[in-house]
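2 protein chains.
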Amino acid sequence: MTETTREQQVLERIDRARQRKARVREERITMAHGAGGKATQTLIEAVFLDAFRNPLLEPLEDGAVFGAGGARLAFTTDSYVVSPLFFPGGDIGDLAVNGTVNDLSVCGARPLYLSAGFVLEEGFPVEDLRRISASMARAAAAAEVSIVTGDTKVVQRGKADGCYVTTAGVGLLERDARLGVAHARPGDAVLVSGPVGEHGVTIMLARGELDIEADVTSDTAPLNGLVAALQAAVGEEVRCLRDATRGGVATILNEIARAAGVAVVVEEDAVPVRPPVRGACELLGIDPLYVACEGRMVAVVDGDAAESALAALRGHPLGAGAAIVGRVRDDPPGLVLLKTAFGGTRIIDVLVGDPLPRIC
Amino acid sequence: MTETTREQQVLERIDRARQRKARVREERITMAHGAGGKATQTLIEAVFLDAFRNPLLEPLEDGAVFGAGGARLAFTTDSYVVSPLFFPGGDIGDLAVNGTVNDLSVCGARPLYLSAGFVLEEGFPVEDLRRISASMARAAAAAEVSIVTGDTKVVQRGKADGCYVTTAGVGLLERDARLGVAHARPGDAVLVSGPVGEHGVTIMLARGELDIEADVTSDTAPLNGLVAALQAAVGEEVRCLRDATRGGVATILNEIARAAGVAVVVEEDAVPVRPPVRGACELLGIDPLYVACEGRMVAVVDGDAAESALAALRGHPLGAGAAIVGRVRDDPPGLVLLKTAFGGTRIIDVLVGDPLPRIC
Chain A
1 MTETTREQQV LERIDRARQR KARVREERIT MAHGAGGKAT QTLIEAVFLD AFRNPLLEPL
61 EDGAVFGAGG ARLAFTTDSY VVSPLFFPGG DIGDLAVNGT VNDLSVCGAR PLYLSAGFVL
121 EEGFPVEDLR RISASMARAA AAAEVSIVTG DTKVVQRGKA DGCYVTTAGV GLLERDARLG
181 VAHARPGDAV LVSGPVGEHG VTIMLARGEL DIEADVTSDT APLNGLVAAL QAAVGEEVRC
241 LRDATRGGVA TILNEIARAA GVAVVVEEDA VPVRPPVRGA CELLGIDPLY VACEGRMVAV
301 VDGDAAESAL AALRGHPLGA GAAIVGRVRD DPPGLVLLKT AFGGTRIIDV LVGDPLPRIC
Chain B
1 MTETTREQQV LERIDRARQR KARVREERIT MAHGAGGKAT QTLIEAVFLD AFRNPLLEPL
61 EDGAVFGAGG ARLAFTTDSY VVSPLFFPGG DIGDLAVNGT VNDLSVCGAR PLYLSAGFVL
121 EEGFPVEDLR RISASMARAA AAAEVSIVTG DTKVVQRGKA DGCYVTTAGV GLLERDARLG
181 VAHARPGDAV LVSGPVGEHG VTIMLARGEL DIEADVTSDT APLNGLVAAL QAAVGEEVRC
241 LRDATRGGVA TILNEIARAA GVAVVVEEDA VPVRPPVRGA CELLGIDPLY VACEGRMVAV
301 VDGDAAESAL AALRGHPLGA GAAIVGRVRD DPPGLVLLKT AFGGTRIIDV LVGDPLPRIC
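These protein sequence lines map, in sequence, to chains A and B. Using full-length UniProt numbering, read the first sequence as starting at 1 and increasing by one per residue. Using full-length UniProt numbering, read the second sequence as starting at 1 and increasing by one per residue.
Hint data in this document are derived by calculation from the structure and do not stem from the laboratory. Misleading hints may appear alongside valid ones.
Copies of the same chain look alike in the list, so a pair counts if it works inside one copy or between any two.
Below, simulated DMTMM-like cross-link-like pairs (lysine to aspartate or glutamate); rule was C-alpha separation at most 20 Å, straight line [claimed, not checked]:
{"#": "1", "residue 1": "Lys159", "residue 2": "Asp128"}
{"#": "2", "residue 1": "Lys38", "residue 2": "Asp287"}
{"#": "3", "residue 1": "Lys339", "residue 2": "Asp269"}
{"#": "4", "residue 1": "Lys339", "residue 2": "Asp176"}
{"#": "5", "residue 1": "Lys159", "residue 2": "Glu213"}
{"#": "6", "residue 1": "Lys339", "residue 2": "Asp211"}
{"#": "7", "residue 1": "Lys339", "residue 2": "Glu127"}
{"#": "8", "residue 1": "Lys159", "residue 2": "Glu122"}
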């Protein structure tokens, strides 16, 4: 079967998928439903979107954007169930703060206020909760947001795993940028803000179940400063921003391709991956493009603004390792293609299954 | 020991407590830390407030109120871990929507938008998730709010209890009412919007662990319409509103007494309790004043406006059983006193321990 025939078949499959209503085939929730890939998308569309359907939820972006009392606001939430709770480079606390800060930032909003809901397991050490809270406070200070409201629930032993944290956040849209994965157009450039996969690999290794040692720490970081730098340089030329968490860069690129009806062509050589991450991924048999980051974003900008955008990202400490990794094309619509180092082309689908459970 | 000596001692204890910094004595989280009573307050003050300290969080109201882009907003969150997930009168879904709607309403805000974060246990039936989502959608429609953003995480079997939901909400303050438990003044009247304790008793009985049968259903309901009716009638005279969830009416009254430095004197006879709830509470050995409601609020209003406030509440379907239950006095400050049906007076302290775990 030639590459073209294969692509044709995939295209037809995507068309069929679009025409039928999303449907969850499984009778019970599986780990894959939480992995951020195909099963998560189906669950969201078939259950939550189907029940809650409204114009603000429908775009399924990282946050909702709306007007209230004359202000234009962004609003988002994320639950955190990462295991272990503490890992090289961070913990569930700064992860939960940075994650919500980043979801607001990629909506184009300035993050202002966060909420924090805790589900604690009976017997959880109070000292660990103090460490997590201190880490949240530091992360909030670094991102210039305040944690202004919260809630605490306790469940019996064996009904949680120490501590789960759900943060929500409110941000202010100060410029009229309308960002969204559907806005990508042929000719646009695709950038990533730094080396990919560090957070996911760190978590896998921190569990100590694998006999792999590597000098990797989580990339968890607040992206609002980096987004502000990018907007200041090429604000009008930015089509969409997404932080590459569960499902990794590959899943984001697929969302862009699907939503905008475009092709995304990525040069494998251009994707920054630090050697220890690449090594660990090879041993684990995972593609780093599918591994979660918690302080990296994908930016799609007008092709002509690519170099200015790259310079703006590289001028910020969190974007020092930024790279232009690909281009948006018109054909084949809905697909992400990877040009490999050996001159071949393969299709990069959304994540299937859950190779890395509970990484955030 | 006379009543006066006892009160004097309690007062001195409260003064000492205020002077020393809140400190969690336990090394590990206990169920009481999630019960909404004394242990929860200590945990919040000693761990979360200590770490996150900022002027918006400090009042420890049900939500934070702030300005953003010219709008005056309220923002709140609550995590739900109720067991069982489905119970007479509701389920975790409408509970989570109503709870956040109510927290915004008692801040004086009109609830607008909600977020929903799900933590699902591997193996949870998809059909149950559909029921919960449908129930959330109905509750949102009834309260005229939209669920505009969300997140789903999945944890392994034995790391949760089916489904936990965290909602957050954004509301708009359309009038300049500054509500807060610290605003209660001597001479004010204390009202409850209906019979108390129905939700908590329903949950206890729904677990089927007790050999008690009673015709009780949860009072879960959105309070925004009722609050609007009260504000339309006596808006300027309302000092504070609180929905009486964990810890019940008794805990709310203690928060008022403590924050405002006043006494709250409650007439036991005046507190509406439906007979099956009273009966179940007697068998369980719990005071209904400590049992959670999920669709009732405590309102403190200027004494002269008490009858108008009562009429406004009673004029709304959710306030048909409203009652004036007590008065605010200046002495003894910080205490809640119950005048019993037999002419005695006893002190009603905040909830200690957790007689009713995971009721919301």
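For each hint, the structure was consulted:
1. Lys159 / Asp128: So Lys159 and Asp128 pass the 20 Å test inside a copy (18 Å) and across (18 Å) alike.
2. Lys38 / Asp287: within (16 Å within a copy, 50 Å between copies)
3. Lys339 / Asp269: Intra 8 Å, inter 78 Å, cutoff 20 Å: intra-copy only.
4. Lys339 / Asp176: Result: close neither inside a copy nor across copies, 35 Å intra and 60 Å inter.
5. Lys159 / Glu213: neither (32 Å within a copy, 27 Å between copies)
6. Lys339 / Asp211: neither (32 Å within a copy, 68 Å between copies)
7. Lys339 / Glu127: neither (49 Å within a copy, 42 Å between copies)
8. Lys159 / Glu122: both (9 Å within a copy, 12 Å between copies)
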